[in-house]
Amino acid sequence: MSFAHPEVLILLLAIPLWLWWWWRREATQRTITFSRAGLLAKGPRPRIAWVRWLPWLRALALAALIVAVAQPRSGARAERVSSDGIDIALTVDISSSMLAEDFQPQNRMEVAKDKVKRFVMGRKSDRVGLVAFSGEALTQVPLTTDYPVVLAAIDNLQVGQLEDGTAIGTAIATAANRLRNSPGRSRVMVLLTDGENNRGAIDPRTAAQAAGTFGIRIYTIGVGTDGMAAVPVGRGLFGLRYENRPVKIDEALLTEIANSTGGRYFRAKDAAALQSIYEQIDRLERSAVEARAYIRYTERFRWPLLIGLAALVFELVLRARRGILP
135 MSFAHPEVLI LLLAIPLWLW WWWRREATQR TITFSRAGLL AKGPRPRIAW VRWLPWLRAL
195 ALAALIVAVA QPRSGARAER VSSDGIDIAL TVDISSSMLA EDFQPQNRME VAKDKVKRFV
255 MGRKSDRVGL VAFSGEALTQ VPLTTDYPVV LAAIDNLQVG QLEDGTAIGT AIATAANRLR
315 NSPGRSRVMV LLTDGENNRG AIDPRTAAQA AGTFGIRIYT IGVGTDGMAA VPVGRGLFGL
375 RYENRPVKID EALLTEIANS TGGRYFRAKD AAALQSIYEQ IDRLERSAVE ARAYIRYTER
435 FRWPLLIGLA ALVFELVLRA RRGILP
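Residues are numbered in our numbering as their position in the sequence shown, beginning at 1, plus a constant of 134.
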């Protein structure tokens, strides 16, 4: 139980003083002078036992109303609690090569979206952001704990939203810019790509070093099978036209990026491997952060208010029925 306005409760100290004043006044007014004693027989005759209740009823009414004004409430309060949580920037490649169909029955893009969504749904107090990149990079969702918004943004990721290509350095710089001022003690970037850096003015190694100075760990994931994969190369009469081409992932670059920031490089050759990688990252990144929990209060002022009003009504009824003498 707590009070919204506890300072009002100091008025309760005035009630004993009021009772003391009331009894002193009664003691000085017990003798009433009349010219004829017969007048007393015609006047109202109070019952002394009822009269004694009056100051206590008034005191009860005042005390209950003061408590009601102080606004008692129960059931909750806003407090800081310690929980596991990290700041995560999910950085996803949406270049045209992500439509390669080597993760049958789905392509790389659909499998990546599914596994990223599962990763987000496992969050509790982590702040999660989403950056999409191809030939350029764009923040889709800033860091937030509003997971439905993040999931909806992942669903909306489509190849062709940005200029084609693979600008890994630009992607790292964009995600790092979101993480560098985040309040979390642990800052993580998960970068998923299926190609080699071929676009953008920012060198990936330079971007990774800059991210490392902000305490950001980068986990890189190379997506794609070994050997050949059916990759879209244009549009024909019946939709996308595919050709079998060798899978080219710059694993040396992705490994260097991860190692320079204290992270790790993973290779996902199928959907199960990609799922396992996100689970490993989840286990690797656990750190205590402070979060604020909010719970709604239950207001309790109605009961003291009703008690105070009932006491006042009872006092008035006693005075009206018996015609109390002053």
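Treat the hints as calculated values from the structure; they're not laboratory data.
Glycine included, C-beta positions come from ideal geometry on N, C-alpha and C.
Among the hints, erroneous ones may be present.
What the hints assert, rightly or not - Across the chosen pairs, the derived CB separations fall in these ranges:
no.: 1; residue 1: Arg-252; residue 2: Gln-292; range: 40 to 48 Å
no.: 2; residue 1: Phe-448; residue 2: Ile-144; range: 25 to 33 Å
no.: 3; residue 1: Gly-256; residue 2: Ser-136; range: 52 to 60 Å
no.: 4; residue 1: Ala-386; residue 2: Gly-349; range: 21 to 29 Å
Comparing the hints with the structure gives:
| no. | hint | result |
| --- | --- | --- |
| 1 | Arg-252 to Gln-292: 40 to 48 Å | violated (19 Å) |
| 2 | Phe-448 to Ile-144: 25 to 33 Å | holds (26 Å) |
| 3 | Gly-256 to Ser-136: 52 to 60 Å | violated (35 Å) |
| 4 | Ala-386 to Gly-349: 21 to 29 Å | holds (25 Å) |
When held up to the earlier numbered hints, the structure conflicts with 1, 3 and fits the remainder.
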